[in-house]
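Enquirer: Which chain is which? The protein sequence lines are A and B, in order. Under our numbering, the first residue of the first sequence is numbered 1, with each subsequent residue one higher. Under our numbering, the first residue of the second sequence is numbered 1, with each subsequent residue one higher.
Be a bit skeptical, because a hint or two may be false.
Stated by the list, open to error - Computed cross-link-like contacts, PhoX-like style, restricted to lysine-lysine with a CA-CA straight-line distance of at most 25 Å:
1. A/LYS356 x B/LYS155
2. B/LYS356 x A/LYS282
3. A/LYS356 x B/LYS282
4. B/LYS18 x A/LYS8
5. B/LYS251 x B/LYS266
6. A/LYS272 x A/LYS99
7. A/LYS251 x B/LYS18
8. B/LYS8 x A/LYS155
9. B/LYS251 x A/LYS40
10. B/LYS8 x B/LYS18
11. B/LYS251 x A/LYS348
Calculated from the structure, these hints are not laboratory results.
Number of protein chains: 2
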Amino acid sequence: MTYALDEKTFYDLVNQRKIDTIVEMVDFEHSADIATLLDKLEADMAWEILSRVEPEEQASILTYLSNESQVDLSELIGADQLSKLMNLMPHDDRVDLLKRLDQHLQDRVLFHMARAEREDLKLLSSYPEGSAGAIMTTDYSVLFPHLTVREALEKLRQEAPNRETINRAYVVDHERVLLGSVRLQELIMAPPHTPVKEVMEESTHAVQLEEDQEFVANQIARYDVIAIPVVDERHRLVGIVTHDDAFDVFKEETTEDVHRGASIGKIDGSVKDVSLFLLYRKRIVWLVLLIFGNLLSGAGIAFYETIISKYVALVFFLPLLIGSAGNAGSQSSTLMVRALATGDVELKDWGVMLGKELVVALALGVTMSIAVLSIGVFRAGTEVAMVVSLTMVIVVLMGSLVGMSMPFLLSRFNQDPAMASAPLITTIADSSGVIIYLAMASWLLKI
Amino acid sequence: MTYALDEKTFYDLVNQRKIDTIVEMVDFEHSADIATLLDKLEADMAWEILSRVEPEEQASILTYLSNESQVDLSELIGADQLSKLMNLMPHDDRVDLLKRLDQHLQDRVLFHMARAEREDLKLLSSYPEGSAGAIMTTDYSVLFPHLTVREALEKLRQEAPNRETINRAYVVDHERVLLGSVRLQELIMAPPHTPVKEVMEESTHAVQLEEDQEFVANQIARYDVIAIPVVDERHRLVGIVTHDDAFDVFKEETTEDVHRGASIGKIDGSVKDVSLFLLYRKRIVWLVLLIFGNLLSGAGIAFYETIISKYVALVFFLPLLIGSAGNAGSQSSTLMVRALATGDVELKDWGVMLGKELVVALALGVTMSIAVLSIGVFRAGTEVAMVVSLTMVIVVLMGSLVGMSMPFLLSRFNQDPAMASAPLITTIADSSGVIIYLAMASWLLKI
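Looking at chain A on its own, in the form it has when it is part of the complex (with noise of 0.2 Å):
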């Protein structure tokens, strides 16, 4: 019981190849390995190794290859072939493969396959990208109110070798609405000649087709589920969401939101495989956005011009004052987005955290102002080190605010509060700090 094919053994075999010995080997390794080590062969090594181990192994492998290889490989063995792997692979997995290759090759797949296999392919791949639909499979079993346990467990054992899963099988009416589920433990303890309406669970909890997919995750997460099933607006079946498929969901709008915050677009697939004019377009937009942004500061800069002609030492502590503020307003922003994205605030919390966050932001603020009194004093006499230090008390508290609230002001407006990105918070309490500290130092300076 090792699993240790490790890269470097794999690749030499490859090289000399002894396909025999790797055959023999991928048998006892987990197809997600098997897939990574594959991923970095060109088509036809890959197949020569994937050809020879049993078709059910073969359509594991294919679903765990990444979409390029997937690609590559359904092109190089084309329909006939790619169409009896696909019948083995789980549905939402062939539905994603098909709508990935081109055109004639999807539609030489579909002729190849048997009428209901088609349908389920054809009606899978019309749901809108991000929606229920899109994740969910049709591979489950569903049995009958009035059946027997034990019909029950003979139906399922019949169908598990075709069902990505039978842990839990869901109960439909004749016209396929959901009724309940029950789990296969259930069903081996109760008695033989139970009906099935009186094991199953009533209360199952169900979403709809055109839900979106983070909220399909959210609720597997959040009643600890392996699978979902999903209806549609006469609440009957049509497929369910499985556990796997809502770490992908998680994973993929994690990232999202991460990129968001750092004034990114969305970006579909993998940065190291994606084009560079895709990441040029996706960081432009928001780069030259800001750009006006951080002009306003420029402006204050000018309006204030005198004051920094008479003192130009003001100039010193003015890239330190306004990355401070920037600094302390995305602490901020991030704490907030990411508590408002769990869940673990909600928008009517906001007068609680700005309660908090005004604690909060003043003693940071008093803390670094003391920080940089004495650098002050020593660089540019007790005036200006007077205004830097207070300015800084204040900047740290307006950028925190800012940083606080935006993300559930746009909350507020239904836009997504990841916007409140770390960029666009440092250029706003980059420019309101310039404005403080020149107003700051007129005042205090006496001009």
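Starting from the known structure of chain A, fit chain B onto it as the hints suggest.
Expert: Structure of chain B alone, referenced to chain A:
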């Protein structure tokens, strides 16, 4: 099959003390939903409702309550009652609750429990936070390889009511060394007299007791499994980690990364509930450290004091240039930190990513440079505009390359890449930006 016990109805019923009605409704709701409603009541009121439902349901609701409510309720009902409820809770959740109680109550709860349960609790609570041992549970089923399928099913039937899951049972030898595992559905499909060892999967992935919880969660996601077994150094089975715990780990670790990305230390618990002092402490460290970075910018400015006195207009563009460098830098570091965290990019991809970043950052810099050129000419004349425009290209390039490389460097020296936070990158970009800007100016303007 409606799940709409809405908040308002519930709290109205509570205010009218219609406990009977509430208890009836509780039956139709998921424990997680009931827990959310009870979380907002005082402990005595919550117990008035909870005490009226079935013990199994009580334990389930208790499991879903917030940490705070769990502790309040535990103190209210006392050790005897609590120990009975804890007997019905999942083993991993009850140990988390026990750890949160004060020492005196912990001792009394343990005193009231049966010896086996007490030993289990003591053992589970002894594993360090963040390890596989700390998140695993011990309520799983084991089978021996020589049992027949019929005997195995009989054993599982008897144990099911006390197990978190029997979807998969683990096969061990007489010293509890893990030999493999078998899914319940394989057992019900196999002929009754087959020995378990012939239907089990031998290649069952396991993790070590001391393994990091993030690694464990990643394994569960990678292999699409519902649970992963945990073994000790002699490969003896000691527990399992289930998929719902993996979700919690992901959420926790992501929050930690996101916070670190804004230079905030690790916060245990919800930002709404933690103390003001903790929030202060987790934020002040980096804010003060970054002051020194920002002072460098000030020193740079002081060094170039003469040129600033001569061309005060240069100062107008200072916030714009350092702001843009910081923004581009935060984008790059965020992209890399996230890609390293998800595994999209690995350490060895540094060269490729650097090449891509060079091209993208150059394009970003040129675009931004063009955007500010006309404004520069209009506001400060051709000479300064040229300096600003050229500096823009250089600082955006510099900010991006620093932002992109820092996470790799940290990772290379076994530090968390997320330490390359937006504030840190911004501060570095700021001070380098100031110096580049003023050096360019003094060179081009020939001073």
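Enquirer: In ascending order, which of the hints set out earlier in this document are inconsistent with the structure?
Expert: Hints 1, 4, 7, 8 and 9 contradicted; others consistent.
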